[in-house]
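Visitor: Here's the letter readout for the chains.
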Amino acid sequence: MTNSEVPGHPDDEPSPFAGAKRAIIATGGGTAILILMGIATGYAAAALDHGEPSATDVAVIGAIALLVVLASWQLWRFLSKQGLEPEAPRIQRARKLFVAMGLIGGVLGLLLAIGTDGDLAVYSNGPINPLVALVAAVIFLVIVPIATWVWWKSIDEHEANAYRDGSMIAVHAYFFIVPAWWLAARTGYVPAQDPMVVLLIVSVIWGAVWFIRRYL
Amino acid sequence: MKNRLKVLRAERDWSQAELAGRLDVSRQAVNAIETGKHDPSLPLAFRIARLFGMSIEEIFDDEF
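Residue numbers (the working numbering), protein chains in the order written: chain C, 28 to 243; chain Y, 128 to 191.
Okay, chain C solo, but in the shape it has when bound:
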């Protein structure tokens, strides 16, 4: 008898895409909450810049805060339900670290939003408060590498392979994109190269490959 001839266990995932769907909801929900927090922070900063916040400003910020709380609660309920099936300790550890890194990302985003003048501060190249820049840089240089290393040691070999494949394709993408953009910018066809945009593209490619290899 072969694997394909055996019916699945009743507790197995109903479809191979169930894990992918869950990951999309968890990642998308977390990202949406972070974006909402960023919008609330940006709105509050802009309102304070214009003097005393009006009742409308307070209502808008309150509504966004309520949305954040409701979305967080729903996401927590959703993720808690998923935790009912038995899970290896290392997988639990890796998931907790993943969530912790997401929170660190949220803190970084808030720091950048608070410390930078102008709109959508996270993607701005404008001046930034030196203290905020220093704290954010230390987080990137010390906390993020340590957390990444601990996470890397916690994941299983299947996910490590997915992560490694993603990194390899992302590095290749970097080598293709950077010189092409650099040359095109010198002709004036495209704007000058922005390292953060390149970072974003490479990160998306890395994450997409990791996701496909792990869940699909």
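Only true hints are included.
Derived list of chain Y stretches under chain C, where covered just means 3 residues or more per stretch with a C-beta under 8 Å from a C-beta of chain C:
1) 141-147
2) 150-160
3) 165-173
Just so you know, these hints were derived from the structure itself, not from any lab. Cβ atoms here follow ideal geometry from the backbone N, Cα and C, with glycine treated the same way.
Position chain Y relative to chain C; hints supplied.
Guide: Frame of chain C, contents of chain Y only:
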């Protein structure tokens, strides 16, 4: 590489998550091995073999 992991699991009435817990890997890893998308490393193959009390060759085969 083909394997009999799902068959052996069914004989013991284990879900993918249960087997994953016993092997200290994720459920996705078990699913990927069963469907042939991921070939386990030698250490993991030994863990699987020990868990089922069989040799690696009795579970994994690159010919059938």
